[in-house]
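Engineer: Protein chains in written order, with my numbering: chain A, 1 to 408; chain B, 1001 to 1349.
All clues stand as given, with none of them false.
Capping the alpha-carbon separation at 20 Å, the derived lysine to any residue pairs in SDA-like fashion look like this: (1) A/K2 <-> B/A1323; (2) A/K116 <-> B/M1313; (3) B/K1202 <-> B/P1182; (4) A/K116 <-> B/E1314.
Label pairs and their in silico Cβ distance ranges: (5) B/K1256 <-> A/P220: 56 to 62 Å; (6) A/Q97 <-> B/N1177: 23 to 29 Å; (7) B/A1054 <-> A/M281: 35 to 41 Å; (8) A/M281 <-> B/K1125: 49 to 55 Å; (9) A/R325 <-> B/A1054: 56 to 62 Å; (10) A/Q53 <-> B/A1118: 43 to 49 Å; (11) A/N46 <-> B/G1074: 37 to 43 Å; (12) B/L1075 <-> A/M323: 49 to 55 Å; (13) A/K54 <-> B/H1194: 46 to 52 Å; (14) B/E1169 <-> A/M117: 31 to 37 Å; (15) A/G186 <-> B/N1250: 41 to 47 Å; (16) B/E1325 <-> A/F317: 42 to 48 Å.
Worth flagging that the hints you see were computed from the coordinates, not collected in a lab. Glycine residues also receive a C-beta, built at the ideal position from the N, C-alpha and C atoms.
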Amino acid sequence: MKANCWYGKTSLSVEEVPDPQILNQRDAIVKISSTAICGSDLHLYNGFIPTMQKGDIMGHEFMGEVVEIGREVTNLKVGDRVVVPFPIACGKCFFCQDQMFSLCENSNPNAWMGEKMFGHAASGIFGYSHLTGGYAGGQAEYARVPFADVGPIKVPSHLSDEQVLFLSDIFPTGYMGAEMCDIKPGDTIAIWGCGPVGQFSIRSAFLLGAERVIAIDGIPERLLMAEEGGAETINYEEQNVYEALMEMTGGRGPDACIDDVGMEAHAPAAIFAYDRIKQAMMLETDRPHALREAIMCCRNGGTVSVIGVYGGFIDKFPIGSVMQRSLTIKTGQAHVQRYMRPLLEMIEKGDIDPTFVVTHRLPLEEAPHGYDIFNNKQDNCIKVVLKPDWSSNGNGNGVTKDSYTIVH
Amino acid sequence: MSTNVEGMRSGRTTSAYDEGANYFTERARPGLPSTSAKRLANGLGWFSIGLGLAELLAPKAMANISGVSKERTGLIRLYGLRELAAGITIFAQEKPTEGVWSRVAGDALDLASLGAAAANPETKKGRLAFATANVLAVTALDVICAMQLSNGNRGIHAEGSCVVNRAPEEVYQFWRNFQNLPRFMRHLESVEDHGGGRSHWKAKGPAGMEVEWDATIIADVPNEVITWRSLENSDVDNAGAVRFERAAGNRGTIIKVNLEYNPIGGPLGAAIAKLFGEEPEQQLDDDLRRFKQMMEVGEVVVSDATLLGTGYMEQRPARPAAASELEGAESLPSQTATNYDSQRRTMPQ
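Only chain A is shown next, with the shape it has when bound in the complex (with noise of 0.2 Å):
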């Protein structure tokens, strides 16, 4: 099958590897219909996540078609049409069985390497390094998806591929990033990152309640789709974002903030510089300036939920600011399992259609130029959606059907 393949930082290869196989007895085999590149896979990408291994399959937000099932799969069965989320959970486990799904205690082979590095290990992963497991991903023709009785969904015909294909991550991620704000009527929620998890967030903290809903990027493209979600809109290249959140909140502060950024933050030049020497020189390995921002524009006593990725060490965190002024952090990879179900039955209402995100189409053999234009955040590029089945045109361009474009 064909698959993108990971050669280190910025090289990626779709190259023919061998078809998966069921391994574990709860496994399933699925044929991907749809795959998207995700802004957590740009951290792979640019070589910021250790443990990754030349030749490694990426993708771990996809769907499609089961096409054959280990001996104890009993809930599913072959031709089901599903949704994978990206965290592998077996089921069993003490965090299992208390929804805390990313913590599976049984999906992570290598959860000696989390050890080491975090204190505890994660869950499994698919297409997201050795540290979280060493699985294949899901931007290939073909995906083993292990404890395929707890993860995949199965999603009713009538809706189309991308209404469902974000169960997957970023709308169970930008929703757990709102929920974890404990949102109360009239809150004032201030999202930092308008990238696909923050636009999620945007319309999740709308859904949950939220008053009023300010959203920090750079770009314009991101902060006008922000926008169209209901949002007010900072432009941190424009605008003081301290000082900004001030002004709009009587100098109170948002009652809670939400880090839809994480370790890769873009900033005004100077903090920026000095993160990014930090993390060239190993002295430190994210760029915290959204999560510093976001704890220090909170109101008293106010919630900051961070579910932007961090992998890693980072320094002058203000933790000053977040004792004295009672703040609580909530955080953790989204346990996507969770909320799969509630989020598709909002789809299936109408309450949100998620195909507003998708900006570009691209055939699977595409990756490559995909995770360029995203990276780069080129041609209005915010989200990719990868097409097993498409055929490229040879042009390195991409065959871009219906491409949303914002036009300036």
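Starting from the structure of chain A, add chain B where the hints point.
Structural biologist: Here is chain B on its own, set in the frame of chain A:
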């Protein structure tokens, strides 16, 4: 101690339990060095630090004393650092076995360098012979001390624990059925239960070596503890204990394992095995993780990268393997006969 295991299991569980408990109190800190070996090690530690400082700060004088070329001061400084490291290691460890063995390795390097210096025309032969004799004397002391420390050592000790989301009764039952152990202990090939507390074990040693031993149960308290040790004529002398404790809040069972064994090839063999990533505690942790998977999931969980093992050196790319790549690999869970969970389901309750 090993006799009448059946009797202990049926009628005298209290005394069996006492033996199990004694095992831990007596052996809680196995293999502390004898005082004389420790004193000798301290002496060698001070010697290392003194010589190290001299080599580091006055390499020319040291070259002069030992008769080697004065152009060798860089190398002598480097050797000084090595001596300092060995000295610090000796003082940092309660049982400085590695520190002293590292001194033995350093002595070998010194002797090799002095041998090489003999070929250099600038070398003063008389002084060189004097220096070599001194190093040989110290080498003898180092070897004696290291051997004493290693003999006092009962071997390698590994401890590990995990929590399993199942009742102690169930976890004990699975473990007590020794034939189950090779299903999650990667180095075990097979265990045959001969009854009467006796069993025969086959395992893979380093470099594909086959090792075998007979073992006997020392204490067996259902749902609480099993301890065992190997009998005479074992390829690997070993002893072990596993305890089962109900976790707080009835959240399953805490399993605690202690293992001791004399490594194949002695301390040197163990050091070489370590170089190849065979870290005893890591092995035990990985085995316990697989045990937990067996109990909770029903089988050992594999990913593409860990088809050949979870060690750093065993990782393969996270992509499906071609059939040819898996030749000679252990059989995959999907190919093995049973799933623990389905066994449970079909078992008459």
